[in-house]
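One line per chain: the protein sequences are A and B, in this order.
Quick note on numbering: the first sequence equals residues 1 to 410 in our numbering.
Quick note on numbering: the second sequence equals residues 1 to 665 in our numbering.
If you are wondering where the hints come from, they were derived from the structure by calculation, not from laboratory data.
These numbers come from a predicted model, not from an experiment.
C-beta: ideal position from N, C-alpha, C; glycine also.
Any given hint might turn out to be false.
To be verified - In silico DSSO-like cross-links for lysine-lysine, where the CA-CA straight-line distance does not exceed 30 Å:
hint, chain 1, residue 1, chain 2, residue 2
1, B, K317, A, K153
2, A, K153, B, K427
3, B, K562, A, K190
4, B, K562, A, K325
5, B, K427, A, K376
6, A, K190, B, K427
7, B, K226, A, K98
8, B, K648, A, K153
9, A, K153, B, K221
10, B, K562, A, K245
11, B, K317, A, K325
12, B, K453, A, K376
13, B, K226, A, K77
14, B, K134, A, K190
15, B, K244, A, K153
16, A, K382, B, K414
17, B, K221, A, K310
18, B, K122, B, K226
19, A, K190, B, K462
20, B, K45, A, K382
21, B, K462, B, K572
22, B, K562, A, K319
23, B, K462, A, K319
24, A, K387, B, K453
25, A, K310, B, K453
Said to hold, decoys possible - These stretches of chain A come out as covered by chain B in the derived footprint (C-beta under 8 Å, 3 or more residues):
hint, region
26, 192-202
27, 323-329
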Amino acid sequence: MKSVSRKVSRRTFTKAAGAALALPNIITSSALGANGRPPASERIVMAGVGMGGQGSGDLNQFMGDPRIQVVAVCDVKHGALKSVQGRVNGRYKNKDCKTYLDYREVIARDDIDAVLCATPDHWHAQVTIDSMKQGKDIYCEKPLSLTIAEGRKMVQTARRYGRVFSCGSQRVIGDFGRLACAARSGEYGKILAAHADPGGPPRMCYLPGQPIPPNTIEWDLWLGPAPWAPYHPYRCGRAYGLGGKGFRTWYDYSGGMMTDWGGHKFGGVLHGMGLDSTGPSEIIPPGGEHKYLTFVFANGMKIYVGGGMKYICEAGEAKPMRDQKVPAGLRWYEDGARSPIQDLTNCILSRKRPFRDVEFAHRTATVCHLGNICYKLNRRLKWDPVKEDFIGDPEASRLIDRPRRGPWQI
Amino acid sequence: MKNLNISITVVACAFLLQVAGADVWEDLAKFKYTDGNNTAQEAEKQLRASPSAANPAIEKKLIVVLTSRDATQDGKAIACRLLQQIGTDNAVSALSDLLTDEVLSHYALLPLERLQSSSADKAMRDALSKAPAKLKVGLLGSIGERRDAKALKAIQVLAKDRDIAVSRASIVAIGKIANDDAAKFLAGLEVPESLVAVQLDALLACAERLEGSLSARLYEKVLESKGSHYRIASLKGLLRTDGKKGAKLIVESIKGDDASLRKGVLGLVAGEPGDDLTKAVVAALGNLAMAQQSEVITALGARGDSAALKEISGYVKSEDAGVRDAAIAAVGQLGNVDSVAMLLELGQSRELAAKASAAIARMEGDGINDALISAMKNKDLQVPALKAIVARGGKDAAPSLLKLVNDKNPDLRKEAWSGLATIAGDKHLGAMVKASASIKDSSAQGFALSAIKRAFSRARNKEAAFNGIADHFDSANNLTKLFVLDLATGVGSRRALDMERAALTSGNEELRQKAIRALANWSNASAAGDLLKLAKDAASDRDRLLALRGYIRLAGTAGGIKSGQERTAMLKQADALAKRTDEKRMIVGNLRSGGTPEALKMLFVYIKDESLRREAELSAAELAWNLRRTKSEEVRKLTKELTGSSNKGVANKARSALAEMNKVK
Chain A
1 MKSVSRKVSR RTFTKAAGAA LALPNIITSS ALGANGRPPA SERIVMAGVG
51 MGGQGSGDLN QFMGDPRIQV VAVCDVKHGA LKSVQGRVNG RYKNKDCKTY
101 LDYREVIARD DIDAVLCATP DHWHAQVTID SMKQGKDIYC EKPLSLTIAE
151 GRKMVQTARR YGRVFSCGSQ RVIGDFGRLA CAARSGEYGK ILAAHADPGG
201 PPRMCYLPGQ PIPPNTIEWD LWLGPAPWAP YHPYRCGRAY GLGGKGFRTW
251 YDYSGGMMTD WGGHKFGGVL HGMGLDSTGP SEIIPPGGEH KYLTFVFANG
301 MKIYVGGGMK YICEAGEAKP MRDQKVPAGL RWYEDGARSP IQDLTNCILS
351 RKRPFRDVEF AHRTATVCHL GNICYKLNRR LKWDPVKEDF IGDPEASRLI
401 DRPRRGPWQI
Chain B
1 MKNLNISITV VACAFLLQVA GADVWEDLAK FKYTDGNNTA QEAEKQLRAS
51 PSAANPAIEK KLIVVLTSRD ATQDGKAIAC RLLQQIGTDN AVSALSDLLT
101 DEVLSHYALL PLERLQSSSA DKAMRDALSK APAKLKVGLL GSIGERRDAK
151 ALKAIQVLAK DRDIAVSRAS IVAIGKIAND DAAKFLAGLE VPESLVAVQL
201 DALLACAERL EGSLSARLYE KVLESKGSHY RIASLKGLLR TDGKKGAKLI
251 VESIKGDDAS LRKGVLGLVA GEPGDDLTKA VVAALGNLAM AQQSEVITAL
301 GARGDSAALK EISGYVKSED AGVRDAAIAA VGQLGNVDSV AMLLELGQSR
351 ELAAKASAAI ARMEGDGIND ALISAMKNKD LQVPALKAIV ARGGKDAAPS
401 LLKLVNDKNP DLRKEAWSGL ATIAGDKHLG AMVKASASIK DSSAQGFALS
451 AIKRAFSRAR NKEAAFNGIA DHFDSANNLT KLFVLDLATG VGSRRALDME
501 RAALTSGNEE LRQKAIRALA NWSNASAAGD LLKLAKDAAS DRDRLLALRG
551 YIRLAGTAGG IKSGQERTAM LKQADALAKR TDEKRMIVGN LRSGGTPEAL
601 KMLFVYIKDE SLRREAELSA AELAWNLRRT KSEEVRKLTK ELTGSSNKGV
651 ANKARSALAE MNKVK
């Protein structure tokens, strides 16, 4: 965080000087830290990139924290920007929030400490890696990545620059935390397996092109690192699910429901099973030995993709219990946070690694991607979670990453 | 095994024949997105369905698409996508021809970038010299990913290109190639201001792949830059290449004025391995300002290196609250069984009790619970030890807590009951009930009973857990007996039911009243007979009302009732006893769950009652819909009657049900 110093930074000086020139003697009490807010110079200055439904919702939560000051919003869709800008300025009762179509202009701003990335999945790696290279801390919506290799590069960049990086998923603890506590409580003996049912993989998009409605979207920027394709509203739509009307359906931009809900559900069971720093050693397609697609881990634990959310333990299925303590060794939010957004804010200030630290999020996303690859190839795969490569299967290894369209290299 | 081989061969041959004869690959050459046909999906589907043995034949077909002059751009793009999965050296030549095509260059890179083949490298190198600037950027990205050292010289030239996008992509690629030559070139490269960040990142990428002095030199070069995140990255790298030097520089940064750098460096203290770093930071701790001390202690706690424990333990009584609190928390992270006594001693202070308890709760390692249980024998440490072990969820402490529930100290008694509420298991419930029975003060006894209730709510086998409690019923006082009768409601076992029956005839009016209420809320149908009898025979109207309501509720919703007919029959019996409108209204509401024609007929009787018509019609419409698969003429007739209701919702629902009934032959 650049702004914790009480010394006058360039930004504070410019702001103060500008205010002094324009409106002498008027410095708002809010800027000085009244009403329980830290003074402006000590707030975490934040920008939001990707201001669709999820992004603007996240932004609202961040704005609810007095330690955060949102100053910029960015989206390649013109329509989203003005309304979000209006909300930000309305919240702070000023006109400081700027809008951008190109995130590169946002992250070039020295005054921004942290970036919220809620773009479609195919942009996550690019926006967050470029931002971290500019010294920003990150909140990135789940799913973390579009490919396994992207995720590893996100981890490497965060570690290289000592950035705090939290991935989204309020459900890992919010929805599935109690179940994890029960499974890890010892009441049911050792965990043998878990079930998680995120949903299906994406498919290729063959939609024909349509004319781009004027002043609606920066199409080439929306495509970004993905292969060039003609504009179609369903290609880039927000519609949820795999119904073919939103980007989550399509392979070039998303891992489908497998990664979308997988970020929550696999994230939940990997957390509960204590497997969120590793990966499976084998992935078995459904229909043969197992009814469900199955991940087998080196310690013998299994995750079945289907059949609800549950843990199977030595003494049966674990059920959430009243007065359940968080068992020793089960990771949780830092410093009393109650959501990943609050957790990130705490961690930006303390420089601790948040609960959904990028490494854990990457391991979760990897399970999702491995599932998709297994569905695609429809055969048993062996995986080395240390090298993060398939064993003896070059065809599968090719699917660990995808070439990125220039100039979008990471 | 022989049979298996034959099977595989047969399947592969079948696919080969299909590939040879299929039109989909020829159609792919003509494919256009705008045509809106399924060719691309079909091709993808065939590839997925084919065994690996068929891949070479499919690859040949796809190469034909790529090399065909007449093939469409969209068809070639799809062919590239499919080759991404199955392409081999054989496809490189055809793909390389596309690398200079404005649209298809990126598609050609899809299979080439991740193909393990030196000919793919050569194809990209060759294209780099011919491609226009815009495509060079994409090629440089792929060459960088492949770390093709043979391309280095050409890329070094492009790193100085006037086109900023080309020079940027070149510097990134050199950083990824990351051999000695790449490192030396990057270190000596002069770049414009706009590319400084790219160069610094490339230097770091290079340094991370290299070892020894060259790597250290790169880190030192980056360390000269202004941005704190670059300096953090260099310090982290230097820790790896020269641990002592890196640690020394980190300590200097902690002492420095740059708050942003200090925060980042503390992240390194928390997360980067190395004994040198622990030693250097611990040695510096005493010379830091207090505000910095607390930050550093927190980072050392997160670091998890117990070598820092002794030094940090010296700060748990610091006069500065921030330093003291950080030290207590850090001892929780680094400490072991030997640290327990120190934290318990701190926990005697009201101000520090919660912090010490939280720290102990976090401690890992053997013997900690045993140490706490042992400390509970010491009068001075009882409360902090009790709180700490409860915070740890230490179930082994339940017997020790049971010994404290009758202690002279009321605060301690209360803490013991609270603790048992959280940690007691099924096997402790009986002893808890027994202990609660001897409490004279009713408020204190109520507290104890609510603790038992919380512990009971966790029981996985409710019946067995209840039996443990029931064993002490006869010797318990009235308050406890009332509590047990209430608890029995959710258990619903035979023994629980017998206890309620006994209470009904006990002659104790308080227990009798509790038993009636408990039966009225019973969790299964086993109490239905008792309730019906009470509803018929009860002397007071209040008892009759409670029993009848309970009976109607069980008839409508309780488990253990085998059929709809049985439910309807039970409700018919209730109907005969119901006197008041609200009782009848309950019957109306529950009749739909019977799901029988008989229930529908009963509802029509209620429809005639003006005060019940609305509810009865709604229930009847719902029930008619549930009976829509019936062949019963009578149901059909009643449903038709409902279509004439003045309530539009009811009439519509009835019409829908009737339409469905008319489909059933």
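Consistency of the hints with the structure:
1. Restraint check: the Cα-Cα separation between K317 of chain B and K153 of chain A comes to about 44 Å, which exceeds 30 Å; the hinted pair is violated.
2. Using a Cα cut-off of 30 Å, the hinted pair K153 of chain A and K427 of chain B is violated, with the two alpha carbons roughly 52 Å apart.
3. Taking the CA atoms of K562 of chain B and K190 of chain A, the gap is near 38 Å; set against the 30 Å cutoff, the hint is violated.
4. Taken as a hint, the K562 of chain B and K325 of chain A pair is broken in the structure, with Cα atoms around 40 Å apart against an allowance of 30 Å.
5. A threshold of 30 Å between alpha carbons decides the hint, and for K427 of chain B with K376 of chain A the separation of about 52 Å lies outside it, so the pair is violated.
6. Taking the CA atoms of K190 of chain A and K427 of chain B, the gap is near 21 Å; set against the 30 Å cutoff, the hint holds.
7. A hinted pair counts as satisfied when its Cα atoms are at most 30 Å apart, and K226 of chain B with K98 of chain A qualifies at roughly 26 Å.
8. At roughly 62 Å between alpha-carbon atoms, K648 of chain B and K153 of chain A are farther apart than 30 Å, so this suggested pair is violated.
9. Between K153 of chain A and K221 of chain B the alpha-carbon distance is near 23 Å, which keeps this suggested pair within the 30 Å criterion.
10. Of the supplied pair hints, the one linking K562 of chain B and K245 of chain A is violated, its CA atoms being roughly 47 Å apart against a limit of 30 Å.
11. For a cut-off of 30 Å, the pair hint linking K317 of chain B to K325 of chain A stands: about 29 Å separates their Cα positions.
12. Only pairs whose Cα atoms come within 30 Å are accepted, and K453 of chain B paired with K376 of chain A is rejected, the gap being roughly 52 Å.
13. For the proposed pair K226 of chain B and K77 of chain A, the alpha carbon gap of about 35 Å is over 30 Å, so the pair is violated.
14. For the suggested pair K134 of chain B and K190 of chain A, the alpha carbons sit about 56 Å apart, so the restraint of at most 30 Å is broken.
15. Restraint check for K244 of chain B and K153 of chain A: satisfied, since their Cα atoms lie roughly 28 Å apart, inside the 30 Å limit.
16. Among the hinted pairs, K382 of chain A with K414 of chain B is inconsistent with the structure: their alpha-carbon atoms are about 56 Å apart, more than 30 Å.
17. Between K221 of chain B and K310 of chain A the CA atoms are separated by roughly 52 Å; this puts the pair beyond 30 Å, and the hint is violated.
18. Proximity of K122 of chain B to K226 of chain B is assessed by CA-CA distance (about 39 Å); at most 30 Å being required, the pair is judged violated.
19. Taking the CA atoms of K190 of chain A and K462 of chain B, the gap is near 22 Å; set against the 30 Å cutoff, the hint holds.
20. Taking the CA atoms of K45 of chain B and K382 of chain A, the gap is about 24 Å. The hint holds against a cut of 30 Å.
21. A hinted pair counts as satisfied when its Cα atoms are at most 30 Å apart, and K462 of chain B with K572 of chain B does not qualify at roughly 33 Å.
22. Between K562 of chain B and K319 of chain A, the direct Cα distance comes to roughly 28 Å. Compliance with the 30 Å bound is thereby established for this hinted pair.
23. A distance of roughly 14 Å separates the Cα atoms of K462 of chain B and K319 of chain A; the hinted pair therefore holds under the 30 Å criterion.
24. Distance restraint check for K387 of chain A and K453 of chain B: the Cα-Cα separation of roughly 51 Å exceeds the 30 Å cut-off, and the hinted pair is therefore not satisfied.
25. For the hint pairing K310 of chain A with K453 of chain B, the CA-to-CA distance comes to about 27 Å; that is within 30 Å, so the pair holds.
26. Check result for the region 192-202 of chain A against chain B: violated, 0 residues qualifying (beta carbon to beta carbon below 8 Å, three or more required).
27. Three residues within the 8 Å Cβ limit are the bar, and the region 323-329 of chain A against chain B gives 5, so the coverage statement holds.
Of the numbered hints given earlier, the model fails hints 1, 2, 3, 4, 5, 8, 10, 12, 13, 14, 16, 17, 18, 21, 24, 26; all others are met.
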